[in-house]
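Chemist: Produce the complete structure using the sequences and hints provided.
Protein chains: 2
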Amino acid sequence: MRNLTLLTDLYQLTMLNGYFEKNIHEDMVIFDMFFRKNACNGGYTIVCGIEQFVEYINNIHFSEDDLAYLKSLNLFSDKFLTFLKDFKFTGDIYAVEEGTIMFPNEPILTVKAPLYQAQLIETALLTIINFQSLIATKASRVCFAAQGDPVFEFGLRRAQGPDAGTYGSRAAVIGGCSATANVLAGKMFDIPVVGTQAHSWIQKFDTEIEAFKAYADIYPDKCLLLVDTYNVLNSGLPNAIKVFKDLREKGHKPLGIRLDSGDLKYLSNQCKDALDKEGFTDVSITASNDLDEYTIASLKADGASVNSWGVGTKLITSADSPSLGGVYKLAASFKNGEFEPKIKLSEDPEKISNPGYKKVFRIYNEENKAEADLIMLHNESIDESKPLTIFHPTYTWKTKSFENYTVKELLKPLFINGECKYKHKSVMEIREYVSNELNSLWEEYRRLSNPQTYKVDLSRDLWYLKTKMIDSKKFI
Amino acid sequence: MRNLTLLTDLYQLTMLNGYFEKNIHEDMVIFDMFFRKNACNGGYTIVCGIEQFVEYINNIHFSEDDLAYLKSLNLFSDKFLTFLKDFKFTGDIYAVEEGTIMFPNEPILTVKAPLYQAQLIETALLTIINFQSLIATKASRVCFAAQGDPVFEFGLRRAQGPDAGTYGSRAAVIGGCSATANVLAGKMFDIPVVGTQAHSWIQKFDTEIEAFKAYADIYPDKCLLLVDTYNVLNSGLPNAIKVFKDLREKGHKPLGIRLDSGDLKYLSNQCKDALDKEGFTDVSITASNDLDEYTIASLKADGASVNSWGVGTKLITSADSPSLGGVYKLAASFKNGEFEPKIKLSEDPEKISNPGYKKVFRIYNEENKAEADLIMLHNESIDESKPLTIFHPTYTWKTKSFENYTVKELLKPLFINGECKYKHKSVMEIREYVSNELNSLWEEYRRLSNPQTYKVDLSRDLWYLKTKMIDSKKFI
Numbered sequence: 001m002r003n004l005t006l007l008t009d010l011y012q013l014t015m016l017n018g019y020f021e022k023n024i025h026e027d028m029v030i031f032d033m034f035f036r037k038n039a040c041n042g043g044y045t046i047v048c049g050i051e052q053f054v055e056y057i058n059n060i061h062f063s064e065d066d067l068a069y070l071k072s073l074n075l076f077s078d079k080f081l082t083f084l085k086d087f088k089f090t091g092d093i094y095a096v097e098e099g100t101i102m103f104p105n106e107p108i109l110t111v112k113a114p115l116y117q118a119q120l121i122e123t124a125l126l127t128i129i130n131f132q133s134l135i136a137t138k139a140s141r142v143c144f145a146a147q148g149d150p151v152f153e154f155g156l157r158r159a160q161g162p163d164a165g166t167y168g169s170r171a172a173v174i175g176g177c178s179a180t181a182n183v184l185a186g187k188m189f190d191i192p193v194v195g196t197q198a199h200s201w202i203q204k205f206d207t208e209i210e211a212f213k214a215y216a217d218i219y220p221d222k223c224l225l226l227v228d229t230y231n232v233l234n235s236g237l238p239n240a241i242k243v244f245k246d247l248r249e250k251g252h253k254p255l256g257i258r259l260d261s262g263d264l265k266y267l268s269n270q271c272k273d274a275l276d277k278e279g280f281t282d283v284s285i286t287a288s289n290d291l292d293e294y295t296i297a298s299l300k301a302d303g304a305s306v307n308s309w310g311v312g313t314k315l316i317t318s319a320d321s322p323s324l325g326g327v328y329k330l331a332a333s334f335k336n337g338e339f340e341p342k343i344k345l346s347e348d349p350e351k352i353s354n355p356g357y358k359k360v361f362r363i364y365n366e367e368n369k370a371e372a373d374l375i376m377l378h379n380e381s382i383d384e385s386k387p388l389t390i391f392h393p394t395y396t397w398k399t400k401s402f403e404n405y406t407v408k409e410l411l412k413p414l415f416i417n418g419e420c421k422y423k424h425k426s427v428m429e430i431r432e433y434v435s436n437e438l439n440s441l442w443e444e445y446r447r448l449s450n451p452q453t454y455k456v457d458l459s460r461d462l463w464y465l466k467t468k469m470i471d472s473k474k475f476i
Numbered sequence: 001m002r003n004l005t006l007l008t009d010l011y012q013l014t015m016l017n018g019y020f021e022k023n024i025h026e027d028m029v030i031f032d033m034f035f036r037k038n039a040c041n042g043g044y045t046i047v048c049g050i051e052q053f054v055e056y057i058n059n060i061h062f063s064e065d066d067l068a069y070l071k072s073l074n075l076f077s078d079k080f081l082t083f084l085k086d087f088k089f090t091g092d093i094y095a096v097e098e099g100t101i102m103f104p105n106e107p108i109l110t111v112k113a114p115l116y117q118a119q120l121i122e123t124a125l126l127t128i129i130n131f132q133s134l135i136a137t138k139a140s141r142v143c144f145a146a147q148g149d150p151v152f153e154f155g156l157r158r159a160q161g162p163d164a165g166t167y168g169s170r171a172a173v174i175g176g177c178s179a180t181a182n183v184l185a186g187k188m189f190d191i192p193v194v195g196t197q198a199h200s201w202i203q204k205f206d207t208e209i210e211a212f213k214a215y216a217d218i219y220p221d222k223c224l225l226l227v228d229t230y231n232v233l234n235s236g237l238p239n240a241i242k243v244f245k246d247l248r249e250k251g252h253k254p255l256g257i258r259l260d261s262g263d264l265k266y267l268s269n270q271c272k273d274a275l276d277k278e279g280f281t282d283v284s285i286t287a288s289n290d291l292d293e294y295t296i297a298s299l300k301a302d303g304a305s306v307n308s309w310g311v312g313t314k315l316i317t318s319a320d321s322p323s324l325g326g327v328y329k330l331a332a333s334f335k336n337g338e339f340e341p342k343i344k345l346s347e348d349p350e351k352i353s354n355p356g357y358k359k360v361f362r363i364y365n366e367e368n369k370a371e372a373d374l375i376m377l378h379n380e381s382i383d384e385s386k387p388l389t390i391f392h393p394t395y396t397w398k399t400k401s402f403e404n405y406t407v408k409e410l411l412k413p414l415f416i417n418g419e420c421k422y423k424h425k426s427v428m429e430i431r432e433y434v435s436n437e438l439n440s441l442w443e444e445y446r447r448l449s450n451p452q453t454y455k456v457d458l459s460r461d462l463w464y465l466k467t468k469m470i471d472s473k474k475f476i
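If you read the protein sequences in the order shown, they are chains A and B. Residue numbers 1 to 476, in UniProt numbering, belong to the letters of the first sequence in order. Residue numbers 1 to 476, in UniProt numbering, belong to the letters of the second sequence in order.
Calculated from the structure, these hints are not laboratory results. Every clue listed holds true.
For chains that are exact copies, the list does not tell them apart, and a pair is met inside one copy or across any two.
Dumping the calculated EDC-like pairs for lysine to aspartate or glutamate here, alpha-carbon to alpha-carbon at most 20 Å:
{"no.": "1", "residue 1": "Lys466", "residue 2": "Asp206"}
{"no.": "2", "residue 1": "Lys37", "residue 2": "Asp320"}
{"no.": "3", "residue 1": "Lys71", "residue 2": "Asp221"}
{"no.": "4", "residue 1": "Lys22", "residue 2": "Asp206"}
{"no.": "5", "residue 1": "Lys344", "residue 2": "Asp260"}
{"no.": "6", "residue 1": "Lys272", "residue 2": "Asp149"}
{"no.": "7", "residue 1": "Lys344", "residue 2": "Glu210"}
{"no.": "8", "residue 1": "Lys421", "residue 2": "Glu97"}
{"no.": "9", "residue 1": "Lys187", "residue 2": "Asp78"}
{"no.": "10", "residue 1": "Lys22", "residue 2": "Asp246"}
{"no.": "11", "residue 1": "Lys342", "residue 2": "Asp206"}
{"no.": "12", "residue 1": "Lys351", "residue 2": "Asp263"}
{"no.": "13", "residue 1": "Lys272", "residue 2": "Asp246"}
{"no.": "14", "residue 1": "Lys342", "residue 2": "Glu210"}
{"no.": "15", "residue 1": "Lys187", "residue 2": "Glu64"}
{"no.": "16", "residue 1": "Lys423", "residue 2": "Glu55"}
{"no.": "17", "residue 1": "Lys468", "residue 2": "Asp206"}
{"no.": "18", "residue 1": "Lys351", "residue 2": "Asp290"}
{"no.": "19", "residue 1": "Lys71", "residue 2": "Asp190"}
Modeler: Next up, the structure:
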């Protein structure tokens, strides 16, 4: 486990030192992590990376090395550096379960801790959760477009570095991919790995057919052949069929072919016809080459005969939307033991934060579909035996009432008084959880373009608190 | 140092196992790494990440753990796994110096090694170099737009994970940034770190002026104030000026202000006027908030009074172009000791690779400006005492002649017979080298949009070899 304690912005440390000097560093505060827009311009976001965040918190410690480095910056008092030596996270953290689907402006994680602790962890928290949530969401969109066909994560070589490729693989599988080509990710996270041969294998032999035969010879039961090195229809496909026939005669079942260039619709249909004619009706036709959810959706709509997809660059970087803008905002502060809600104002009304110590409920209908989320103050609760009416936080006359419903509280203890409450789940378990989460969502929220907006409302008490606070700061 | 040996695509290992079974794994081969399009849709690419690639090569070893994992996949023979146990890179690698500016379709790194070694390292090589080269190039574009103003890398929280943020910082400084906010990057790479306070510092105090005073009190000589928490012109700016006057009276020199929202042109000009009026004519006005090279260029052109820039998300992810498509292609193979050039054909002529064992020369004019690059076969050389004529590889009638010129050979030994020849350079030394590289480039290649295309030509011998090979494969 690497030491990521210094994985923070310098201003966190200059502020910590300042709080320490002013002796307010032990003040309890509440920070919320939330995002303002869904990942990938979509209708929802899968929260991912909780396990790596937990590892980070459990491992925070300033080594002698770290402290010597900080001293060399000539910014911090020796007293402060000595104080950091004993740094240990002692606060509470509540977070949604890894794989939970969340929406803009609701807390996905809440930290209640002494100011200096809550502040230090901001940057690492955001980096870890923003990235993995982005890729998990992207993967779920790609898998949605693939309509149940297996999707393989092939992006390592174009990822934003080794770890982006590896943790990105983890997130991609959580989001729905069936496997990855990244062997390290396979080992680290116990996720399925796939891969056969590259163009260089084909080139290494004098002819394509020799290369195919050699591969079939070594992997007779795992024979998937890359057919586009020279020419798919005149060379790759007929050569593959020859080899497949040999395999069949010897009692083996060929796996299929892969196309990595050209018009994937035309070529896959031609290949499917030729393979069908020879009786290879159930082999896999895998396509790769610059795919994303939009290209896959369009190939599907056009009737391409691809039944398995290798997705690289555009998945592992979420190329058309390569960041999730999760933020971490002060929601409350205890001053001399007294609770003070805090708000971040902005000229842009969408950027005004929700004040106070909060919790989040998800409301489900009788069919277990999610209907709306409700953010409440920490001391509020919902009596499910009574009807529930919620209202839009801006257009308050828009209301919605529920009679037969259930609710689920989304933020669960991750750390209490510094003690870790997180229970490890395997990546494949989290993937299963995500699949259930997605099933609880109406399809209009999953639409690739222009999805419907899911309702995230505020309780009456929270709405009043927020409105009052905005009002009181109006003329600053 | 983490063990990245398994940071590879599974197909590399299935191929290795196949080569081993066919007993051709020891055949010497030559692979080139190159890219087909410049990073960031620009006119050049800064090659970055060589040091991390060297660390990777020096550290390759299959641990017991790794081998046990590979065995569990049921893909590899025990004999092969035993063979991997002693894996050590024993080949030659030639690469450009880290920070060198390169162009499409010329080798930036060439590997000459036994097939199984050359193949294994492909994925890690591409991941490491693609990402850092992308960010270094992006940073150089942002700095170009900033016209000499310092640019700070602020993107960690939106980076594609902790390491993308950290190695991205390294690359950003190599590309021209003055400093980073990422403390871990500061420590690991000995690069300057910057940071003062966030909105949460301001919010933690009852009033903005108290927050400013507290900061000035602790950092009287490093006082840069964030002025947009409530309202820049009615609150932040006048409060900052009050605090700056106090500091001046006490003999300190305030550093400046930071704007993180709003119309940066209007606000910076208003701030500049007000600060000038009070005699604070040389303080820094730093702007941040969703900047990239295009926004900075436009603010500069509009006359914004910003003189220092904090650039986050769009730099650390290279948001509008988040990957560099570096590839690694077989260029030659030795069969029973006999040399065979190899070529990767494609229906897209731009995707046809350059065959053979090659070297690359850069041609400079008398003012030391780079005029063109020339790719030659390994046994060719240039006699600088004689005039040199080069020609366009597709439009061969387009020629260019040089009389007074010098040449530099770009690919230098990184490993010879497995022995590391790399000499560590500090990030700040590489940054200086990049700055010289950029100065050797005419400005038309640096233009942010629609840059001129730099000439990368082939020697006559290489051109003949390539043409002959294409011709012989025409009818496959």
